[in-house]
Amino acid sequence: MNKTHNQKAWFMVLPVVLLVAFSAVIPLMTVVNYSVQDTFGNNEFFWVGLEWFEEILASNRMHDALGRQVIFTTTILLIEIPLGIFVALHMPKKSGFWSSICLVLVALPLLIPWNVVGTIWQIFGRIDIGLLGYTLDQMGIDYNYTQDSFAAWVTIIIMDVWHWTSLVVLLSYAGLKSIPDAYYQAAKIDQASRLSVFRYIELPKMKGVLLIAILLRFMDSFMIYTEPFVVTGGGPGSATTFLSIDLVKMAIGQFDLGPAAAFSLIYFLVILLISWVFYTVMVHSDKEAGL
Amino acid sequence: MDLSWMGWTVPTAIFFISIATALVIMIIWSIKTPQAPRVGILRFETTPGDRLFISLLGSAFICLGWLALFGAPLWWALLVCFLYALSVFRWV
Amino acid sequence: MKINKSAFIMTLYIIFLMLPIYWLINMSLKTNQEILTTFSLWPNDLTFDNYMVIFTDPSWYNGYLNSITYVVMNMVISLSVALPAAYAFSRYTFMGD
Numbered sequence: 001m002n003k004t005h006n007q008k009a010w011f012m013v014l015p016v017v018l019l020v021a022f023s024a025v026i027p028l029m030t031v032v033n034y035s036v037q038d039t040f041g042n043n044e045f046f047w048v049g050l051e052w053f054e055e056i057l058a059s060n061r062m063h064d065a066l067g068r069q070v071i072f073t074t075t076i077l078l079i080e081i082p083l084g085i086f087v088a089l090h091m092p093k094k095s096g097f098w099s100s101i102c103l104v105l106v107a108l109p110l111l112i113p114w115n116v117v118g119t120i121w122q123i124f125g126r127i128d129i130g131l132l133g134y135t136l137d138q139m140g141i142d143y144n145y146t147q148d149s150f151a152a153w154v155t156i157i158i159m160d161v162w163h164w165t166s167l168v169v170l171l172s173y174a175g176l177k178s179i180p181d182a183y184y185q186a187a188k189i190d191q192a193s194r195l196s197v198f199r200y201i202e203l204p205k206m207k208g209v210l211l212i213a214i215l216l217r218f219m220d221s222f223m224i225y226t227e228p229f230v231v232t233g234g235g236p237g238s239a240t241t242f243l244s245i246d247l248v249k250m251a252i253g254q255f256d257l258g259p260a261a262a263f264s265l266i267y268f269l270v271i272l273l274i275s276w277v278f279y280t281v282m283v284h285s286d287k288e289a290g291l
Numbered sequence: 001m002d003l004s005w006m007g008w009t010v011p012t013a014i015f016f017i018s019i020a021t022a023l024v025i026m027i028i029w030s031i032k033t034p035q036a037p038r039v040g041i042l043r044f045e046t047t048p049g050d051r052l053f054i055s056l057l058g059s060a061f062i063c064l065g066w067l068a069l070f071g072a073p074l075w076w077a078l079l080v081c082f083l084y085a086l087s088v089f090r091w092v
Numbered sequence: 001m002k003i004n005k006s007a008f009i010m011t012l013y014i015i016f017l018m019l020p021i022y023w024l025i026n027m028s029l030k031t032n033q034e035i036l037t038t039f040s041l042w043p044n045d046l047t048f049d050n051y052m053v054i055f056t057d058p059s060w061y062n063g064y065l066n067s068i069t070y071v072v073m074n075m076v077i078s079l080s081v082a083l084p085a086a087y088a089f090s091r092y093t094f095m096g097d
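Chains as they are written, first to last, in the working numbering: chain A, 1 to 291; chain B, 1 to 92; chain C, 1 to 97.
Where hints are given, some of them may not hold.
Stated by the list, open to error - Straight-line C-alpha distance at most 25 Å; calculated SDA-like pairs for lysine to any residue:
#1 C:K5 x A:L170
#2 A:K8 x C:Y92
#3 C:K5 x A:N144
#4 A:K93 x C:K5
#5 B:K32 x C:F89
#6 C:K5 x A:L195
#7 B:K32 x A:Q7
#8 C:K5 x A:L103
#9 A:K188 x C:I9
#10 A:K8 x C:I77
#11 C:K5 x A:P180
#12 C:K5 x A:Q185
#13 C:K5 x A:Q191
#14 C:K5 x A:I179
#15 A:K8 x C:P84
#16 A:K177 x C:N4
#17 A:K94 x C:F16
#18 A:K93 x C:P84
#19 A:K8 x B:M26
#20 C:K5 x A:L14
#21 C:K5 x A:H90
#22 B:K32 x A:L14
#23 A:K8 x B:I28
Stated by the list, open to error - If we take Cβ atoms under 7 Å as the criterion, some of the chain B residues that face chain A in the derived model are:
#24 T12
#25 A60
#26 L67
#27 A68
Treat the hints as calculated values from the structure; they're not laboratory data. Note that this is a predicted model, so its numbers are computed, not measured. For each residue, glycine too, the CB sits at the ideal point set by N, CA and C.
If we strip away everything but chain A, and leave its shape as in the complex, we get:
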């Protein structure tokens, strides 16, 4: 696309800039301010410098939450991405009646509001009134997600897989459909096995789409809040307290605004780094694809 050089284009960008400045930059500056001060209440602040940051970086509680978050994110990615690709490979390829039905049904869990997902799974997992809980109980498995931290983890992981694998499926399906048929015909002529077809044709062509899926899921699972909060509220004890749940407990539960502000700044920096990597990869893989 040929772009013309025109400085007056700034006027079109101005409303967005003002809106973002007002709704994002000002609260951000306020948070930075809170993170370096302490208060005795009554809106009186006094300077404590970087004490909050030191305390947060050294606190066991944050290390635990970070560890749980990392374990959670890795497990989720390891399950969702291969499962999503696997299902996408088996979706009906000819656009017809069955493929539309499959697409709609697969996309259905994605449309449900997040705390409704949490509520559904909360009831689903109960032994007395939930299908899952009742079935597991009948099979003799000891399952109680409010008291057993392993069961709580399994419930949250399965809930997240249920909710979000369809996103990976849809993205991979779009990537797969864009592979021209000539590749498959060439592979048939060479009598390539199904596995080689996957490794040498489909995986490389889906690279861009897969990268988007992986980065999206990574960011989303790093920021996950409502779903585990509704189902377990932090888990038996603090077994499922992930980073964002811990942050909200600190900020609103204990009203420790100083450490919470420091924590949220660190969190923001991590997410900013990941988003920037995401953005750079997308922009530059677009350029390589010849757009």
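With chain A fixed as given, assemble chains B and C onto it according to the hints.
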């Protein structure tokens, strides 16, 4: 305009004003000299604005790492950040 | 074997996806009493009372009105502010893009 509800303190004010100044300097610099994106060691194209962003992000992490490892006075960390920013501008 | 491997896998996956939704619909057709006491795969007495309540009780349908107001406002503001900016970014190059 009363800004005291944001809890301003002198150091944070200096921090934000210096970031704004850096942005203004970049704008003036880009008006004065022609700038084209160039490929750096990370193998993707960057404009000077990109490099400023990378250096700011990196120095935030360097300061955090310094705090985690060494504790309070951050002046040496600022020196490391400055050297990192110079190397980003030169090589990325 | 006429069973198509793809179809089998897709059916399994879609059953997995639909289970909680089926349970949700199941619960929506039961009375409160029945949900909390008995466990049944299909409601013993089918009732549409729950649907009647959410459509007539003010505390429920105010939620819809609030949601719709919020979404419409969000959409209008986002579109009206982002479209010119997107147009500018795609058609023009300017300093600081």
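Outcome of the hint check:
no. : hint          : verdict
1   : C:K5 x A:L170 : holds, 20 Å
2   : A:K8 x C:Y92  : holds, 9 Å
3   : C:K5 x A:N144 : violated, 35 Å
4   : A:K93 x C:K5  : holds, 14 Å
5   : B:K32 x C:F89 : holds, 23 Å
6   : C:K5 x A:L195 : holds, 15 Å
7   : B:K32 x A:Q7  : holds, 15 Å
8   : C:K5 x A:L103 : holds, 18 Å
9   : A:K188 x C:I9 : holds, 24 Å
10  : A:K8 x C:I77  : holds, 22 Å
11  : C:K5 x A:P180 : holds, 23 Å
12  : C:K5 x A:Q185 : holds, 21 Å
13  : C:K5 x A:Q191 : holds, 20 Å
14  : C:K5 x A:I179 : holds, 22 Å
15  : A:K8 x C:P84  : holds, 12 Å
16  : A:K177 x C:N4 : holds, 20 Å
17  : A:K94 x C:F16 : holds, 23 Å
18  : A:K93 x C:P84 : violated, 38 Å
19  : A:K8 x B:M26  : holds, 19 Å
20  : C:K5 x A:L14  : violated, 55 Å
21  : C:K5 x A:H90  : holds, 8 Å
22  : B:K32 x A:L14 : holds, 23 Å
23  : A:K8 x B:I28  : holds, 17 Å
24  : T12           : holds, 5 Å
25  : A60           : holds, 5 Å
26  : L67           : holds, 5 Å
27  : A68           : holds, 4 Å
Of the numbered hints given earlier, the model fails hints 3, 18 and 20; all others are met.
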